[in-house]
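Asks: Chains A and S supply the protein sequences, listed in that same order. First residue of the first sequence: 0, per numbering that gives the first Met the number 0; consecutive thereafter. First residue of the second sequence: 0, per numbering that gives the first Met the number 0; consecutive thereafter.
Among these hints, one or two may not hold up.
Just so you have them, the derived chain A footprint on chain S, three or more residues with Cβ under 8 Å [claimed, not checked]:
no. : segment
1   : 7-20
2   : 85-91
Incomplete in silico selection of chain S near chain A, CB under 10 Å [said to hold, decoys possible]:
no. : residue
3   : Gly34
4   : Glu43
5   : Phe51
6   : Ser55
7   : Thr79
8   : Ala103
9   : Ile104
10  : Arg109
11  : Val147
12  : Arg195
13  : Gln197
14  : Arg244
15  : Thr247
Label-pair ranges, simulated between beta-carbon atoms [stated by the list, open to error]:
no. : chain 1 : residue 1 : chain 2 : residue 2 : range
16  : S       : Arg50     : A       : Ala151    : 48 to 56 Å
17  : A       : Ala78     : S       : Arg144    : 30 to 38 Å
18  : A       : Gly52     : S       : Arg56     : 48 to 56 Å
19  : A       : Ala122    : S       : Tyr275    : 24 to 32 Å
20  : S       : Gly159    : A       : Ala78     : 52 to 60 Å
21  : S       : Gly293    : A       : Arg11     : 52 to 60 Å
22  : S       : Ala5      : A       : Ala78     : 52 to 60 Å
23  : A       : Arg153    : S       : Arg194    : 27 to 35 Å
Rather than coming from a laboratory, the hints here were simulated on the basis of the structure. All residues carry an ideal CB built from backbone N, CA and C; glycine is no exception.
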Amino acid sequence: MKLRLEVNGRPRSADVPPMKRLLDVLRDDLRLTGTKEGCGEGECGACAVLLDGELVNSCLVPACQADRRAVTTVEGLAAPDGSLHPVQQAFWEKGGAQCGICTPGMLVAAVALVERARRPSDAEIREWLAGNLCRCTGYVKIVEAVAAAARARRPGAGARRPKRVKR
Amino acid sequence: MRGDLAALEVLRPRRLAEALAALADSDRPCPIAGGTDLYVALNEGRAPARRFLDLSRLDELTGLETTPSGLRLGARTTYTELRASRLVRRRAPVLAEMAASVGAIAIQNRGTLGGSLGNASPASDPAPVLLALDAAVELAARDGRRVVRRRVPLDRFFIGYRETAARPDELIVAVLLPSSALEGWRYAYRKVGTRRAQAISKVVAAVGLELGARPRRIAAARIAYGSMAPTPVRARAAEAALAGRAPTSAAGRAAARALLAEDLHPIDDLRSSADYRALVAGRLLESLLGALGGFRPGLDD
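Turn these sequences into a full structure, and let the hints steer you where they fit.
Replies: Right under this line is the structure:
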C-alpha cells in the first residue's frame, strides 16, 4: 500500500505491505534507526514512538494503522536547530543513560508524560515508564531526569527567582 | 522484518456492514484491533491467518454510553479510555482499576476490551472483572442485507481454551453491563503477576457483593478468576456459600474458600504452579472479601 504519514512534523510516504510493522517502516523504509527493536512483543518499550501523540510500541502496530497519522520518533524530539528537548537535556545532565539501547524509548515515553503531567510524582513516572525496560538497571537516574524535565518545563522555570533578602 | 508479514493482506472497512460481509466470506479474515496480542504471534512467525480485517476505522465499535439497561462499552474501547472515562469511574470504578493493571501505558493505549474477549486467553485481565460485573457480549453478523445482533452472557461466552461462543462470521461489537449489577453492588479486583506492570497474571480475581442493608448480609455474590482454568471462570460454589452470610463472617469465608476447588482447576506452567495458584486464589478471595466487607482478614494460613 501507499502509506502516507507525518513523521516528526514532515510528510513522508512509503510503498509498504500493509501489515508490515511500523517499527520496520521507520527503520527500513524511512531510515530512522533511532527507534530500536528489543523484544518484538511489546514488553520492553525500546521501539516506543508516539502515534498521534499517544505512546505505542511500534513493533505491535501494523503500517496500515499509521496511515494519515502523525508519528514522533526519538529523532523528532530535539528542535530543528538541534537544541535538545528538556527531557533529553535532563537525561544528559542527570546521567539517565548507560548502554543506550533503551534510551530512545525511554525518552519518547518520558516526553509523552511531561507533555501531559506538569508535576508527575515519582510513582507516576515509574508507572509511566514501567513498559520501558533498562537492563543496565539504571532506573533511579532516569526517574530523576524525568522529574527534572517536568520541573524545567513548568512556566517560569527558566527565570531566576529573585532572592529574598532578610533585612 | 520478522516473520513473513509482507505476504499478509488486510481489509480496512469503514462500515460495520462491510466488515461483517467480509466475515461472512469463505476466505474469512482474522479481525485485528489494537494488535497487542496478534502481533506477538505474528512476530513469532505464528500467523493465525493470511488475511486480516482491520477494525480501526469502524466508529461503530467505539464509545462508552449509558443505555436504558446499563452501560454499553464499544468493543474497541481501550484500557486508557476505561481509565480516563468519568462514566466508568463513577459507575464501574473496578473496570478502571483493572485497566490500570494491564501491561503498561503503551499497551493500555492500544489494547481493547473486544480484542481481549475475542482472544479468549484464560489469563485475560478484563474477563474476570467483566464476569463479576455480569457483563454480556454483543455480537453482530450479516444475514443477507441485514445486520443481526445477539447478546451472549459472558459466563456462557468462553466455551473452551481460547474458544468462544461467537460464530466465525460474528464480530464482537460491544460489552454490555447491566444496571442490576451496577447499583447496590460493590466490586474488588486483584491481579497477581511476577511484577506490577507488563505481567501476564499468575492469578487474577474479581469479587462482587450485593449487600443487604439491615441486617447487613450478603444478598448475592459473584466471584471470577483468570489463569485458574482453561477459560476465565466463575466460582459458583463459593458464591453460593456466601449468600445470606454476614460479610464479616469467618465461617462464610472459610466455606467459600473451601469450595473454590469445585470450579478452579489450575495447572503448572511457565508462569506459576498449580499449588501456588490454588493457595493464592484462596487468599485473594479472603482479601477481596475483606476489602468489600470492611475488615482485615488474618493471614495466618
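Asks: Starting from the range 48 to 56 Å, see whether the pair Gly52 of chain A and Arg56 of chain S falls in it by beta-carbon distance.
Replies: 19 Å, violated
Asks: Do three or more residues of the segment 85-91 of chain S come closer than 8 Å to chain A, measuring C-beta to C-beta?
Replies: Violated, because only 0 residues of the segment 85-91 of chain S bring their Cβ atoms closer than 8 Å to Cβ atoms of chain A.
Asks: Under 10 Å, Cβ to Cβ, is where Gly34 of chain S needs to be relative to chain A, so tell me if that hint holds or is violated.
Replies: 5 Å, holds
Asks: Does Ile104 of chain S pass the interface check with chain A, least Cβ-Cβ distance below 10 Å?
Replies: 5 Å, holds
Asks: Is 52 to 60 Å a correct range for the gap between the Cβ atoms of Gly159 of chain S and Ala78 of chain A?
Replies: Distance hint for Gly159 of chain S, Ala78 of chain A holds at roughly 55 Å.
Asks: Hint Arg244 of chain S vs chain A: min CB-CB distance below 10 Å?
Replies: 37 Å, violated
Asks: With a C-beta cutoff of 8 Å, work out whether three or more residues of the segment 7-20 of chain S approach chain A closely enough for the coverage to hold.
Replies: The restraint on the segment 7-20 of chain S holds, since 4 of its residues have a Cβ under 8 Å from chain A and three suffice.
Asks: Quick one, is the Arg109 of chain S hint okay against chain A at 10 Å, beta carbons?
Replies: Arg109 of chain S check passes; min Cβ-Cβ to chain A is 6 Å, inside 10 Å.
Asks: Quick one, is the Glu43 of chain S hint okay against chain A at 10 Å, beta carbons?
Replies: The hint holds - Glu43 of chain S has a Cβ within 10 Å of chain A, the shortest such distance being about 8 Å.
Asks: Could you tell me whether the CB distance from Ala122 of chain A to Tyr275 of chain S stays inside 24 to 32 Å?
Replies: 28 Å, holds
Asks: Is the interface hint for Arg195 of chain S satisfied, with its Cβ closer than 10 Å to some Cβ of chain A?
Replies: Holds, because the Cβ-Cβ distance from Arg195 of chain S to chain A comes to roughly 7 Å (cut-off 10 Å).
Asks: Answer holds if the nearest beta-carbon of chain A is closer than 10 Å to that of Phe51 of chain S; otherwise answer violated.
Replies: 6 Å, holds
Checked against the numbered hints given earlier, the structure breaks hints 2, 11, 14, 15, 17, 18 and 22 and satisfies all the rest.
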